[in-house]
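S.K.: Spelled out from the first residue to the last, the chains are:
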Amino acid sequence: DAGITQSPRHKVTETGTPVTLRCHQTENHRYMYWYRQDPGHGLRLIHYSYGVKDTDKGEVSDGYSVSRSKTEDFLLTLESATSSQTSVYFCAISESSEQPQHFGDGTRLSIL
Amino acid sequence: AQSVAQPEDQVNVAEGNPLTVKCTYSVSGNPYLFWYVQYPNRGLQFLLKYITGDNLVKGSYGFEAEFNKSQTSFHLKKPSALVSDSALYFCALNTGFQKLVFGTGTRLLVSP
Chain A
1 DAGITQSPRH KVTETGTPVT LRCHQTENHR YMYWYRQDPG HGLRLIHYSY
51 GVKDTDKGEV SDGYSVSRSK TEDFLLTLES ATSSQTSVYF CAISESSEQP
101 QHFGDGTRLS IL
Chain B
1 AQSVAQPEDQ VNVAEGNPLT VKCTYSVSGN PYLFWYVQYP NRGLQFLLKY
51 ITGDNLVKGS YGFEAEFNKS QTSFHLKKPS ALVSDSALYF CALNTGFQKL
101 VFGTGTRLLV SP
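For the record, the sequence lines run as chains A and B. Per our numbering, the first sequence runs over residues 1 to 112. Per our numbering, the second sequence runs over residues 1 to 112.
Derived by calculation from the structure, the hints in this document are not laboratory data. Accuracy of the hints is not assured; some may be wrong.
[Claimed, not checked] Per the computed footprint, the stretches of chain A lying under chain B, defined by three or more beta-carbons under 8 Å from a beta-carbon of chain B, are:
1. 38–47
2. 93–102
[What the hints assert, rightly or not] DSS-like cross-link-like pairs, simulated, lysine-lysine; straight-line CA separation at most 27 Å:
3. Lys70(A) / Lys58(B)
4. Lys58(B) / Lys22(B)
5. Lys57(A) / Lys99(B)
Don't be surprised by glycine CBs; every beta carbon is placed ideally from N, CA and C.
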């Protein structure tokens with residue numbers, strides 16, 4: 001398995017609180033991604049990074065921000081969590097567009 | 001718009017029978033296509049990819065996929081299903097700029 005660690009694996013929090021999810025890789029891959037998975041929607045891209053301090057928005061970026069200060073770490077922040085952000089969040093990494101993305105095991109986030 | 005569609009929410013097949021999970025795509029230019037599998041409480045695992053070349057692509061765990069440009073399809077196949085193949089399967093399309101768009105997923109149930 002690709003060396004991808006997501007933390008925490010589970011989190012329950014309240015509406016309006018800030019939340020940060022961490023993705024850590026040991027593969028030295030250039031590209032990193034954050035997705036959310038919801039029933040009936042498959043996986044949807046939130047943000048992605050193509051290098052240290054280089055990030056861009058995905059399909060469902062509203063309400064989320066990201067940071068990548070080191071190659072190995074990609075952080076996803078919900079500044080003020082809402083119930084609609086209850087989801088399972090996956091981090092992925094890849095070397096290039098021709099190579100497959102490799103996924104972490106996800107973070108299950110519940111916002112009450 | 002570049003997209004993928006998985007027309008079946010669920011596919012049921014008996015163990016030992018051949019299986020097909022369908023995927024169609026819409027893209028301008030040449031498609032990069034992927035199949036992933038997801039087991040409960042895990043991230044997505046890469047099965048196979050089509051970039052260019054032979055229309056029949058072989059992948060992990062005995063799976064293969066047939067690329068058909070005229071029908072814009074990339075169906076996943078296996079000659080003989082196993083109970084352990086029961087999982088959620090996703091088709092994905094590289095849209096350029098290192099990003100993937102996923103189908104909504106097809107649940108495969110293989111009965112003993």
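S.K.: Starting from the hint list further up, note which numbers the structure goes against and sort them upward.
M.R.: 3
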